[in-house]
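Trainee: Residue-level listing of the chains:
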Amino acid sequence: MATPPDTLDKVGAGLDALDVPVEAHKASLWQRFLKTGVPPIIAFALLLGVWQGLWASAILPEFQLPAPVNVWNELVRSISTGEAFGILWTSLHRAVLGFLAAVLIATPLGLLIAKVRVVRAAIGSLLTGLQSLPSVAWVPAAILWFGVTPSTIYFVVLMGSVPSIANGLVAGIDQIPPLLPRVGRALGAGRLASARHILLPAALPGYLAGLKQGWAFSWRSLMAAEIIATSPQLGVGLGQYLHNGSSLNDINMVIAAIFLILLVGIGIELLLFRPLERAVLRARGLTGAL
Amino acid sequence: MTATLETTSLSTVDTAVELSGIRKVFGHGNSAVVALDGVDLKVKPGEFVCLLGASGCGKSTLLNIVAGLDGATSGSLELNTSRPAVMFQEPALMPWLTASRNVELALRFAGVGRLARRRRAQELLELVRLGDVADKRPHELSGGMRQRVALARALASTTVSADGSPALLLMDEPFAALDAITRDVLQAELIRVWETTNTAIIFVTHDVREAVRLGQRVVLLSSRPGRVVREWDVTDSRDEVLDEINTHLREVISGHAS
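So the protein sequences, as listed, match chains A and B. When the first sequence is numbered by the UniProt record's numbering, its final residue is 290 and no position is left out of the sequence of numbers. When the second sequence is numbered by the UniProt record's numbering, its final residue is 258 and no position is left out of the sequence of numbers.
Hints in this document: simulated from the structure, not taken from any laboratory. All C-beta atoms, glycine included, are put in the ideal place defined by N, C-alpha and C. It is possible that part of the hints are untrue.
List of simulated lysine to aspartate or glutamate pairs, DMTMM-like, C-alpha gap at most 20 Å [as the list claims (entries may be wrong)]:
#	chain 1	residue 1	chain 2	residue 2
1	B	136	A	19
2	A	10	B	231
3	B	136	A	269
4	A	10	B	40
5	A	10	B	251
6	A	26	B	140
7	A	10	B	243
Now the stretches of chain A that chain B is said to cover, found in silico as 3 or more residues with beta-carbon under 8 Å [what the hints assert, rightly or not]:
#	stretch
8	9 to 17
9	66 to 76
10	181 to 189
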């Protein structure tokens, strides 16, 4: 009645052969460009066309809706004089420093909230509430506390991004299948080893989503702070540039500033977070969304 | 492939596991549920014991107690083995690690150095015939392959002790979620691995056929509360006892009908 073992071995080998994953066909660089690069370019071109059309129809006066080419000229001017680089540097280095500080604060905070019940009960909902408070609401208070100084700007950036990052980490930890830490214990992992080798890597997708949102929030908060808190001491960042454009009634400058703000946001997303997220999700076989 | 586990042929210990009067109660007062009530069980080094029972017999609870993942309410547990390894119904591999890294993780927790870790993981993967897919991640493997990686990982965690104490593998319905052909192949695989490594195995199942095929001894547990009803030595009479065990299991289950 029992099947001879060598037959079963063959069945097993056959199953394995059938189960070995088939290497997916890898698209060439050109094909990938056609698939992912061309649609946004077309969308952008269409947008430009609509804009040009609206301008040509002259429904709105020139000081409200400028011609695309004038905005382009303003961009070229600020880049060729080197002004744009100074502005971008001022804002970007603030955003990056603020974001890094937020990561350093939010990560242990998130771990505490996720793992210590009384901390979660005490400040968990406060943190979620802070997330829905626009961080620009902190600007007036911060100006009273710190004056119009870089501290004000960093404070607003932190208040914007810390809740997102901490909440992302908490969500990531909450979504770990309970079996994984159990397996860790069965394999003999202590608390620290379990946190380092199981909890943190398992929570990585949620944490990364939090980081991404945290970056977006710190960039937004920074712009809000720079637009409101302007002083010679702070130098000219993108927000200040936008503010100046509005003061000078120069719509070309305003649109150029908005364009640069968007450019940084999209650039960081495409160059940093998208590849990171892709690598993390792909390693786990979660390729549905890519 | 040579035997890869330290075994106890020279050891004087003649029981690997000894449970006496194990009782486990969940909850308190009126809502308390007695899951296990005075379970006695002895497992010899290198012995393959199957715990058989319907749902609610506390067989998983018993396994968790032996594994040290759960404490008994009363009774005593004596382990003369290295750290017991556990295999669950799901493979529960870390989805971000390759097959080989998953096996290495067990060794890493035991403080084994990097090179030794890598070599040992490769050995164990070859033992379950997965040497070729060491670099694949869990989502690239089939259910049966994942469960074999989990077996390799479990073996890695039980064989690290250097003092020569016998190894113990606890398996909680590890093949229940697999299709019939794969289960058949894996059962043969497990017997082969058990014969090469001489690990003591406590295997929990609700499938009489599986219990009789794999075990040297089958222990039938009653349900709510779990007690040992009867044991069979099945090594010499696998086909004959099958019906008898089936009859007893049905009796245990029908006892709950009213």
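Trainee: Are at least 3 residues of the stretch 181 to 189 of chain A within less than 8 Å of chain B when you compare beta carbons?
Mentor: n = 8 at 8 Å, threshold three: holds.
Trainee: Does residue 243(B) sit within 20 Å of residue 10(A), going by the straight-line distance between their CA atoms?
Mentor: Between residue 10(A) and residue 243(B) the Cα gap is close to 30 Å, so the pair fails against 20 Å, i.e. violated.
Trainee: Tell me if the straight-line CA distance from residue 10(A) to residue 251(B) falls inside 20 Å.
Mentor: Answer violated: residue 10(A) to residue 251(B) is near 39 Å, above 20 Å.
Trainee: Closer than 8 Å Cβ to Cβ for three or more residues is the test here. Does the stretch 9 to 17 of chain A pass it with chain B?
Mentor: It holds, with 6 qualifying residues against the three required.
Trainee: Test coverage of the stretch 66 to 76 of chain A by chain B using CB-CB distances below 8 Å; three residues minimum.
Mentor: violated (count 0)
Trainee: Mind checking the alpha carbons of residue 10(A) and residue 231(B) for me, to see if they're no more than 20 Å apart?
Mentor: This hinted pair is violated, its Cα atoms lying about 34 Å apart.
Trainee: Residue 136(B) and residue 19(A) were given as a pair; does the straight-line alpha-carbon distance stay at or below 20 Å?
Mentor: Judged against 20 Å, a Cα distance of about 12 Å means the pair holds.
Trainee: Straight-line Cα separation of residue 136(B) and residue 269(A) no greater than 20 Å?
Mentor: Violated, at about 29 Å.
Trainee: Going straight from one Cα to the other, do residue 10(A) and residue 40(B) come out at no more than 20 Å?
Mentor: violated (41 Å)
Trainee: Are the Cα atoms of residue 26(A) and residue 140(B) separated by 20 Å or less?
Mentor: It holds: about 16 Å lies between the C-alpha atoms, which stays within 20 Å.
The structure fails hints 2, 3, 4, 5, 7, 9 (numbered hints given earlier, in ascending order).
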